[in-house]
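Can you build the whole structure from these sequences, using the hints too?
In the order they appear, the protein sequences are chains A and B.
Quick note, the working numbering runs 472 ahead of the 1-based positions in the first sequence.
Quick note, the working numbering runs 513 ahead of the 1-based positions in the second sequence.
Read the hints as simulated data drawn from the structure, not as lab findings.
Any given hint might turn out to be false.
[Said to hold, decoys possible] No more than 20 Å apart at the CA atoms, straight line, and that leaves these computed lysine to aspartate or glutamate pairs for EDC-like:
no. : chain 1 : residue 1 : chain 2 : residue 2
1   : B       : K702      : A       : E947
2   : A       : K630      : B       : D749
3   : A       : K647      : A       : E555
4   : B       : K654      : B       : E900
5   : A       : K911      : A       : E502
6   : B       : K692      : A       : E859
7   : A       : K834      : A       : E881
8   : A       : K630      : B       : D750
9   : A       : K783      : A       : E823
10  : B       : K655      : B       : E900
11  : B       : K692      : A       : D952
12  : A       : K834      : B       : D849
13  : B       : K702      : A       : D952
14  : A       : K647      : A       : D622
15  : A       : K783      : B       : D629
16  : B       : K796      : B       : E601
17  : B       : K702      : A       : E962
18  : A       : K647      : A       : D569
19  : B       : K810      : B       : E863
20  : A       : K630      : B       : E793
21  : A       : K783      : A       : E803
22  : A       : K630      : B       : E900
23  : B       : K692      : A       : D569
24  : B       : K810      : B       : E601
25  : A       : K911      : A       : E509
26  : A       : K834      : B       : E718
27  : A       : K911      : A       : D541
28  : A       : K783      : B       : E626
29  : B       : K702      : B       : D712
30  : B       : K702      : A       : D925
31  : A       : K821      : A       : D811
32  : A       : K911      : A       : E516
33  : B       : K702      : A       : E941
34  : B       : K748      : A       : E502
35  : B       : K654      : B       : D884
36  : A       : K911      : A       : E513
37  : A       : K821      : A       : E516
[Said to hold, decoys possible] Every beta carbon over 12 Å from chain B, so not counted as near; a handful from chain A, in silico:
no. : residue
38  : G504
39  : L506
40  : S522
Only a predicted model underlies this, so the values are computations on that prediction, with no experimental measurement involved.
Backbone N, C-alpha and C fix where the C-beta goes; we use that ideal spot for every residue, glycine too.
If you want the building blocks of each chain, they are given just below.
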Amino acid sequence: MKITRRSLLKSSALSGVVAILSGCERMVSEAGHLLGEAVPEVIEPSAGESIDRDFHLLSRAGFGARPGDLRYLRSIGRDAWLEEQLHPQTLRDTACDVRAERFESLSFPAGDAYEFRKTVLRAELTRHALLRAVYSRRQLFESMVEFWSDHLNIDLEKGDCVYLKPSDDRQVIRKHALGNFQMLIRASATSPAMLVYLDGKSNKVRKNTNDRPNENYARELLELHTMGVHNGYTQQDVIEAARCLSGWTFDARRTFALNQNDAFFRPDWHDDGSKIVLGQAIPAGGGAGDVDALVRIVCTHPSTAHFIATKLCRHFVSLSPPPDLVEQTAETFIRTEGDIKSLLRVILKSEAFATSQGQLLKRPFKFMVSALRATAADTHADAGILEPLHRMGHGLFQYPTPDGYPETELPWMGTLLWRWNFALALSSNRQPGVHFDYKPLFRALGGKVGSLDPSSWFAHFIGRRPSNEEVGAFETLRSDFGKQSAGSPEGVAAMIGLILSSPAFQRC
Amino acid sequence: MAGSSSDSSISRLRFASGEGSDGDQTHTLICIFLRGGADTLNVWVPYADDAYYRQRPNLAIPRPGNARDAAIRLTDLYALHPSMRPLEEAFKEGRLGAVQAVGMDNTSGSHFECQDQMEHGDAADGEQAGGGWLGRFLRVKKRVRSPLSAVAIGTALPESLRGAPSVSVIERIADIALKAPIGDASVLKSVLGSLYGADSTLLGEHGRETLSLFQRVSELQEHPYTPENGALYGKDDFSAGLSEVARLIKARVGLEAACVDLGGWDTHFFQGSASGLHSERIKTLATGLSALERDLKSYRARYTVIITTEFGRRIYENASLGTDHGRGFAFTALGDRVRGGRIIGGWPIEAVDESTILGPGGILPKVDFRDVFAEVLSSCHGLSPEECAAVFPSAPLTLIGLMA
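Structure (structure tokens):
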């Protein structure tokens, strides 16, 4: 193992870690404030009877509105906003970068990440993802990062994945999040993390042996990543795909090889005979090129267009999306050969999308991020704030099986208690790892001293005015607090916490 | 000693939940799901089968004998993995048994599909009954039901409990409390009660469930838990989950079904033999269960444990010293009502013919998993044949003889 300048620097930096961090984080928070994170002086929430369409777009295409987002979207219009989001490099993201680019372990090639401790890597990966989701202006991009991270799920706890996921996050997920689907799958197929997670690295078929290929990745490639189960492949196709992939491996100990940080191809482990995948022949002797042929064949199969279209529509519109929208999206997939931007345009500009307000349940991560955004809370995503995420069963990159965290509602129904406790802790500024001061929001929303009227708060957090039942529910709180401590910080905290705990805020 | 303090809280709880003495006799079915497709051939080792040793030159468990890593002899045909030693006694007492070659008609080899199918209790082809098999049982078997009739340990609701009248998903009993910014939480609960009370969706239903859960368990939280008879649970989540289940059983809260998961069985790679990855999982399983047995020694008439997995693995090992997805597996049951001390059926072990469409090289399934589930339900919860048919509408429901 090399002793590098980096590890030396790291250990010297660690000795002063406490003092440096707190001072540094204070500076980062102040910088963020100056760079546009501050709560505007006036907020005009949408107080219509149903959720405002602009608010809806912010909730669905991203992780929900921060104070000021709604005004900006209104000023340029939904179409222009969407185009900006589809071209994230045009959006300056300095305030977010200052917070999220501090994590040294995330910037190294796969092989070099072994210099870091597992706990550091695990924490920094999660902190980075959370900070990006909370603070990035590139909200659609971050949403797609989340989407593909589930689609191409990798569990850090398996094998060496924790060392390899940072480079997968950069070079597979983030690199192709709004790019081309086939390139995304091709990058994933030989990503060191994926080779370890789904055992591709030990998929070998040596000559003159009885080696049988390891089918694990090949099966998930067809079942979960591209075509979907029962959509036109057979067990024989899985075996043929595994043969195509045999020989691709990764070895962190190859420190003297030039390509030590990448997956590499071992011809002596590759089954170089001819294959037939989904009825298409791959001639013998293709060698390392077999994986390209395989990925092309499965990604251009109509089942893949339909499977990905369905999954995106379910994610952005409804768990039972209208068939014609799915069809239109699948057609776009085929026509553009998997251009992800084009798919998102079809979905997010559709009438079905515009009228689907409040139909999706926020998963715990989105619930937390949207609460942190709406409150303009200050966080550096340290352990204190990751704890509730784990409690709700949504620790990032820690889903054990390759299907990724579920999009369906039922598996998350056991999380309500923890959602309520997070909301109440956040609103009363007791949540470890977060600082929240309600006063700037209170002023921006035109709050009057002593008032516990939930209407404007509700409109700010939910995107519509509360119904009569919802107003009625808060009467208990008003009468109870009203007697002794009208408008006291505790009363306001309880009210905000309850709005964030309400059924309406669990949905988007 | 620990018993006396919890006894008093138990009676208060029973009073609080308005449950009669009937609740005292509730039988609890503890369902353990080994996620990932467990290699049961290396748990219930068919040491009399030469093919097993031929096809697993590196992974087979050595035949019973004096070697330290040898399998533990049970019958003329079968032995136990050495890491199962804590449960050997239960087998000898006739409380632990297995059914060989249990499986389903699904040939996809997909974890998710097979887990779903098993938890739903459906056939791959044919009409689906809707909901999970435990959920349907809790609906079909009509009786006065405690609000804590079904508990899942973990963070996600398992599919098997889908559709149950009431389900609580918890990690620890002690976790359950609403933390108010100031004062007590009653005002907050009242507001949440109105907000979720007005919501007619699944979300509203679970919000109301969560609020009543506070009430149900507040009494149990007042004392730390000391297992009886010196039972030593492991330090892992699986053992922790089992000890919470034991607590709920002792507390007589009317628990009918408890689900606990144990993952990590997808051993494609470097599975190990008498030691190694797979052995460690078995150790976790056996440690937890033997602690539960000891802890609940005075309550043995009141629970049955079943252990299932979505599919077994292939008989032959692969080139990366692991095993790939197969078909049939050995289903395990533990409890007074189990006719244990034997491994039922499936001998000789037959492999699926690879040239057929049934999917490659696993154990040929000979017993429909739904038959086993149905027999367990009728034994533990007194389901009539008609009720069993309502829970598993399209299953053959042939008697296996696993349960008394």
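Checking against the hints above, which ones are violated? Result: hints 12, 19, 22, 23, 34, 37 break, sorted rising.
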